[in-house]
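S.K.: Residue numbers (our numbering), protein chains in the order written: chain A, 68 to 552; chain B, 68 to 552.
Think of the hints as simulated: they come from the structure by calculation, not from any bench. Watch out, some of these pointers could steer you wrong.
[Unchecked claim] Facing chain A, according to a computed beta carbon distance under 8 Å, are these residues of chain B, among others:
| no. | residue |
| --- | --- |
| 1 | Gln107 |
| 2 | Ser108 |
| 3 | Arg112 |
| 4 | Tyr115 |
| 5 | Phe190 |
| 6 | Trp215 |
| 7 | Leu255 |
| 8 | Arg288 |
| 9 | Gly395 |
| 10 | Tyr396 |
| 11 | Pro529 |
[As the list claims (entries may be wrong)] Each computed SDA-like pair below joins lysine to any residue, with the alpha-carbon atoms no more than 20 Å apart:
| no. | chain 1 | residue 1 | chain 2 | residue 2 |
| --- | --- | --- | --- | --- |
| 12 | B | Lys339 | B | Asp305 |
| 13 | B | Lys179 | A | Pro222 |
| 14 | A | Lys179 | B | Lys203 |
| 15 | A | Lys179 | B | Ala366 |
| 16 | B | Lys179 | A | Arg409 |
| 17 | A | Lys443 | A | Pro193 |
| 18 | B | Lys179 | A | His379 |
| 19 | A | Lys339 | A | His379 |
| 20 | B | Lys203 | A | Ser211 |
| 21 | A | Lys179 | B | Glu246 |
| 22 | A | Lys443 | A | Phe190 |
| 23 | B | Lys339 | B | Ile241 |
| 24 | A | Lys179 | B | Arg409 |
| 25 | B | Lys179 | A | His103 |
| 26 | B | Lys179 | A | Arg412 |
| 27 | B | Lys444 | B | Pro370 |
| 28 | A | Lys203 | A | Val219 |
| 29 | B | Lys339 | B | Arg378 |
| 30 | A | Lys203 | B | Lys339 |
| 31 | B | Lys339 | B | Ala366 |
| 32 | A | Lys179 | B | Ile241 |
| 33 | B | Lys179 | A | Glu226 |
[To be verified] To be clear about the criterion: a stretch of chain A counts as covered by chain B if any three or more of its residues have a C-beta under 8 Å from a C-beta of chain B, and this derived list gives those stretches:
| no. | segment |
| --- | --- |
| 34 | 102–109 |
| 35 | 194–201 |
| 36 | 282–290 |
| 37 | 373–385 |
| 38 | 488–497 |
Heads up, the beta-carbon is just placed ideally off N, CA and C, and yes, glycines get one too.
Number of protein chains: 2
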Amino acid sequence: MTRYERLAQGMAAEIRSGNLKPGARMPSLRQIIAQHGVSQSTAARAYYLLEQWGLVLAEERSGYFVAPPAKPGHGAAKRAASAGEAGEMDETDETATVDISELVFSVLDAAKRPGIVPLGSAFPSPLLFPMARLAKSLGLAARSVSPWSTVVDLPPGNENLRRQIALRYMRVGISQPAEDIVVTNGALEALNLCLMAVTQPGDVVAVESPGFYVALQAIERLGLRAVEIPVDGATGLDLEALAHALERHPIRACWFMTNFQNPTGVTLSAAKKQALVELLAQHQVPLIEDDVYGELHYAPHYPPPALAFDRHGLVMHCGSFSKTLAPGYRVGWASAGRFAARVQRLKLMTTLSASIPVQAGIADYLEHGGYERHLKKIRLSMQSQRDAMIDAIARWLPEGTRHTNPEGGYFLWLSFPARIDAMALHRLAIERGISVAPGPLFSATHGFENCIRLNYGHPWSPRIDEAIRTLGELLVHPEVRARDA
Amino acid sequence: MTRYERLAQGMAAEIRSGNLKPGARMPSLRQIIAQHGVSQSTAARAYYLLEQWGLVLAEERSGYFVAPPAKPGHGAAKRAASAGEAGEMDETDETATVDISELVFSVLDAAKRPGIVPLGSAFPSPLLFPMARLAKSLGLAARSVSPWSTVVDLPPGNENLRRQIALRYMRVGISQPAEDIVVTNGALEALNLCLMAVTQPGDVVAVESPGFYVALQAIERLGLRAVEIPVDGATGLDLEALAHALERHPIRACWFMTNFQNPTGVTLSAAKKQALVELLAQHQVPLIEDDVYGELHYAPHYPPPALAFDRHGLVMHCGSFSKTLAPGYRVGWASAGRFAARVQRLKLMTTLSASIPVQAGIADYLEHGGYERHLKKIRLSMQSQRDAMIDAIARWLPEGTRHTNPEGGYFLWLSFPARIDAMALHRLAIERGISVAPGPLFSATHGFENCIRLNYGHPWSPRIDEAIRTLGELLVHPEVRARDA
Numbered sequence: 068m069t070r071y072e073r074l075a076q077g078m079a080a081e082i083r084s085g086n087l088k089p090g091a092r093m094p095s096l097r098q099i100i101a102q103h104g105v106s107q108s109t110a111a112r113a114y115y116l117l118e119q120w121g122l123v124l125a126e127e128r129s130g131y132f133v134a135p136p137a138k139p140g141h142g143a144a145k146r147a148a149s150a151g152e153a154g155e156m157d158e159t160d161e162t163a164t165v166d167i168s169e170l171v172f173s174v175l176d177a178a179k180r181p182g183i184v185p186l187g188s189a190f191p192s193p194l195l196f197p198m199a200r201l202a203k204s205l206g207l208a209a210r211s212v213s214p215w216s217t218v219v220d221l222p223p224g225n226e227n228l229r230r231q232i233a234l235r236y237m238r239v240g241i242s243q244p245a246e247d248i249v250v251t252n253g254a255l256e257a258l259n260l261c262l263m264a265v266t267q268p269g270d271v272v273a274v275e276s277p278g279f280y281v282a283l284q285a286i287e288r289l290g291l292r293a294v295e296i297p298v299d300g301a302t303g304l305d306l307e308a309l310a311h312a313l314e315r316h317p318i319r320a321c322w323f324m325t326n327f328q329n330p331t332g333v334t335l336s337a338a339k340k341q342a343l344v345e346l347l348a349q350h351q352v353p354l355i356e357d358d359v360y361g362e363l364h365y366a367p368h369y370p371p372p373a374l375a376f377d378r379h380g381l382v383m384h385c386g387s388f389s390k391t392l393a394p395g396y397r398v399g400w401a402s403a404g405r406f407a408a409r410v411q412r413l414k415l416m417t418t419l420s421a422s423i424p425v426q427a428g429i430a431d432y433l434e435h436g437g438y439e440r441h442l443k444k445i446r447l448s449m450q451s452q453r454d455a456m457i458d459a460i461a462r463w464l465p466e467g468t469r470h471t472n473p474e475g476g477y478f479l480w481l482s483f484p485a486r487i488d489a490m491a492l493h494r495l496a497i498e499r500g501i502s503v504a505p506g507p508l509f510s511a512t513h514g515f516e517n518c519i520r521l522n523y524g525h526p527w528s529p530r531i532d533e534a535i536r537t538l539g540e541l542l543v544h545p546e547v548r549a550r551d552a
Numbered sequence: 068m069t070r071y072e073r074l075a076q077g078m079a080a081e082i083r084s085g086n087l088k089p090g091a092r093m094p095s096l097r098q099i100i101a102q103h104g105v106s107q108s109t110a111a112r113a114y115y116l117l118e119q120w121g122l123v124l125a126e127e128r129s130g131y132f133v134a135p136p137a138k139p140g141h142g143a144a145k146r147a148a149s150a151g152e153a154g155e156m157d158e159t160d161e162t163a164t165v166d167i168s169e170l171v172f173s174v175l176d177a178a179k180r181p182g183i184v185p186l187g188s189a190f191p192s193p194l195l196f197p198m199a200r201l202a203k204s205l206g207l208a209a210r211s212v213s214p215w216s217t218v219v220d221l222p223p224g225n226e227n228l229r230r231q232i233a234l235r236y237m238r239v240g241i242s243q244p245a246e247d248i249v250v251t252n253g254a255l256e257a258l259n260l261c262l263m264a265v266t267q268p269g270d271v272v273a274v275e276s277p278g279f280y281v282a283l284q285a286i287e288r289l290g291l292r293a294v295e296i297p298v299d300g301a302t303g304l305d306l307e308a309l310a311h312a313l314e315r316h317p318i319r320a321c322w323f324m325t326n327f328q329n330p331t332g333v334t335l336s337a338a339k340k341q342a343l344v345e346l347l348a349q350h351q352v353p354l355i356e357d358d359v360y361g362e363l364h365y366a367p368h369y370p371p372p373a374l375a376f377d378r379h380g381l382v383m384h385c386g387s388f389s390k391t392l393a394p395g396y397r398v399g400w401a402s403a404g405r406f407a408a409r410v411q412r413l414k415l416m417t418t419l420s421a422s423i424p425v426q427a428g429i430a431d432y433l434e435h436g437g438y439e440r441h442l443k444k445i446r447l448s449m450q451s452q453r454d455a456m457i458d459a460i461a462r463w464l465p466e467g468t469r470h471t472n473p474e475g476g477y478f479l480w481l482s483f484p485a486r487i488d489a490m491a492l493h494r495l496a497i498e499r500g501i502s503v504a505p506g507p508l509f510s511a512t513h514g515f516e517n518c519i520r521l522n523y524g525h526p527w528s529p530r531i532d533e534a535i536r537t538l539g540e541l542l543v544h545p546e547v548r549a550r551d552a
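Using the sequences and the hints, build the whole thing.
M.R.: Structure representation (structure tokens):
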């Protein structure tokens with residue numbers, strides 16, 4: 068251990084033991100230097116570490132203070148609330164270091180149990196996809212692909228596939244050169260690479276609240292800080308709140324889902340997408356646009372993503388075939404605008420390339436497999452499953468239960484009239500063979516205790532109806548209502 | 068931009084302009100606070116950034132100094148040499164921040180030209196692999212895999228594939244539970260995940276010198292620092308140097324290639340592997356063992372990796388089918404010992420899963436495709452190609468040219484008797500339709516200007532022989548010999 072790590076750990080122990088109380092002023096750098104006989108660089112680095120650990124806050128012009136403690140009951144949520152003057156710009160104010168992974172993994176692990184009713188799953192039913200036709204395309208492509216493609220198809224990726232993706236952009240009037248499209252191992256990799264391309268550890272990233280937990284996990288993993296921007300269940304992202312946050316924080320990137328957002332299912336109107344793009348252009352802040360559900364629209368047309376309004380190459384649009392065509396094939400892409408070359412290099416450095424025969428197989432399917440026909444079918448399925456689930460909610464869940472009305476995708480976001488503990492609901496539901504996605508998964512600060520996300524991406528069945536009925540019973544269970552006590 | 072970034076950029080401009088000369092003492096934190104009217108935390112963070120950028124060095128007890136300039140001719144090599152008392156432990160002494168990517172990409176891009184003789188490539192010829200038989204397995208597996216595998220085969224991965232991999236370990240007496248094997252998108256992802264699992268930004272990692280550039284790229288990308296341990300072309304890693312480095316530096320992980328090392332082709336003896344594992348166990352330092360060439364042994368048996376001697380779960384063994392069976396399929400794995408769960412979670416968070424049908428396809432081939440027969444064939448090819456290349460070297464390259472004698476894999480490491488500039492050789496060779504991998508690619512500090520790596524993984528042909536002859540001519544070209552002038 069280096070000297071500054073030892074010093075930081077010593078101070079961390081003081082804070083954790085309670086000897087240094089939240090809000091207390093920490094010794095100045097000068098005092099540390101005198102007391103511990105260390106250099107100024109050692110003292111400065113020690114404070115840097117303590118900041119990274121969320122244990123101290125730096126106040127401009129006045130020094131370091133002990134941070135407020137982690138929120139009890141959720142382990143390590145470390146919210147860095149400013150004690151400084153209101154309105155003063157301070158990069159630690161209202162940004163949160165993120166520690167959501169343990170929660171996500173415990174929920175996911177529980178939901179993987181065989182036989183469970185997967186209302187908490189992030190995946191649609193694999194039975195809705197043309198797996199046999201895809202396998203045919205894959206087999207054909209693997210046999211006919213040139214052995215040299217193993218070198219030629221290195222990032223940006225299979226040329227035919229990139230051309231097919233560019234054609235799909237063109238159908239909605241977006242002219243996206245195939246050269247700028249980088250094929251990835253699913254949208255998850257695309258999103259992560261885009262985030263890495265535009266941030267450094269310690270940077271602030273704006274995310275949605277509620278928002279998909281993988282964004283929070285990526286932020287946690289890369290040592291970034293999150294600013295949460297509220298999402299309204301009817302109108303989507305609060306642009307005023309975003310504008311305010313852009314003034315107050317040194318935001319380096321936004322990670323938003325503009326179509327059929329996870330978990331709410333809400334879509335930004337075209338006007339709001341345009342306003343979003345313009346706002347970010349003013350601040351020269353890149354937008355990582357997660358659009359994996361866009362093609363699952365119930366209305367006749369694909370709602371153009373924010374990318375359609377971008378004139379500055381600031382939008383990094385990420386798509387995938389995992390939700391629309393080929394779950395498990397792990398093929399997605401990033402159209403990363405001015406950052407395309409950087410994303411491509413990061414791809415080369417981290418996973419080299421997406422699977423070559425699989426890229427060729429998807430390209431073959433897109434050309435010959437009947438993608439449009441399949442999409443029409445799956446959209447109708449999703450829409451009727453949405454209606455069935457909303458109907459079941461009306462029948463089985465308490466009066467006053469609010470839910471969103473998605474026009475695409477396969478998620479409903481519910482909030483309940485009486486205060487409940489969604490984590491307790493999740494726990495009890497698992498015992499009864501049902502998974503739900505509890506609200507606290509969708510926030511860096513583990514809010515939304517009164518909310519759950521339900522997946523309707525599975526063919527409707529009496530078993531699902533029965534599961535909703537069981538949830539209705541659990542909602543009045545004393546452990547779920549415990550917080551009223 | 069935040070205040071501390073503006074401050075850091077201002078000081079960076081002063082350094083780059085030459086107003087602040089290498090070795091000059093930087094203003095103290097106190098002076099910065101007074102001059103710029105900033106807080107101590109802003110001043111400290113600005114210096115932290117300048118350190119990260121390699122522009123200043125922190126000396127214990129005496130403040131910050133302008134760092135020596137990047138080595139001319141190679142852009143950004145930032146070696147942080149200590150000016151402190153000899154023998155004092157100092158985390159900046161002899162560790163190097165790494166900036167190799169630009170060099171690697173420029174060499175790789177040049178070598179991707181169609182029609183080039185790929186002596187600088189890292190890949191063997193795809194013609195040596197059973198691509199048709201593999202395609203059959205892939206098609207079969209894709210058709211027969213359960214749709215639910217898209218959920219069930221999430222990390223750690225396809226069960227049958229993990230069992231097949233575990234069986235291969237068992238053949239050399241290594242009992243590796245299938246549950247601890249995480250399937251990845253090639254070994255590159257496995258190695259990167261392992262490195263992420265055991266390090267934090269700023270940590271020190273031991274690498275080989277010369278060593279494979281992807282390790283250096285990963286270290287650069289993750290903001291780590293490298294300590295280079297010499298590799299001897301006959302006996303491999305210098306264990307004494309490693310022992311010394313472990314005493315002097317807070318090394319958090321080692322990333323070594325123990326079998327048919329890239330670029331030298333050298334293999335550690337079983338005794339040295341055991342000693343390595345014991346040394347690292349004493350220091351409780353994990354070993355990321357890159358073993359992607361182990362199966363390409365010319366002697367009858369696979370040389371057991373260091374993993375075979377591990378009793379503490381400290382060895383994270385990474386393998387792949389990309390060099391032995393299925394280039395471009397992108398299937399590798401990590402057996403990460405006590406870190407297996409962490410690696411699995413990082414996999415879930417970054418790319419979710421390796422392609423499901425591809426995992427099933429490789430598993431099908433391993434069971435039914437005749438892997439051993441294929442391996443025997445490809446080993447014989449590689450061995451005869453090695454002999455042909457060594458013969459061509461003797462015929463065409465200057466007397467006194469030294470080369471390694473690999474007993475597996477497909478790389479030769481050459482050093483030349485007269486001093487040459489390998490980067491110039493690379494440049495001139497590209498103009499003549501030949502790629503070579505210049506020595507400076509294989510070191511964080513861009514050494515080995517007198518060395519090149521040659522790939523003999525392609526069926527021998529008069530064209531390759533001719534290329535070696537051309538290299539012989541270029542070695543006496545004035546631009547290549549320029550450094551003697």
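S.K.: Determine which of the earlier numbered hints do not hold for this structure and return their numbers in increasing order.
M.R.: 11, 14, 15, 18, 25, 28, 30, 32, 37 and 38
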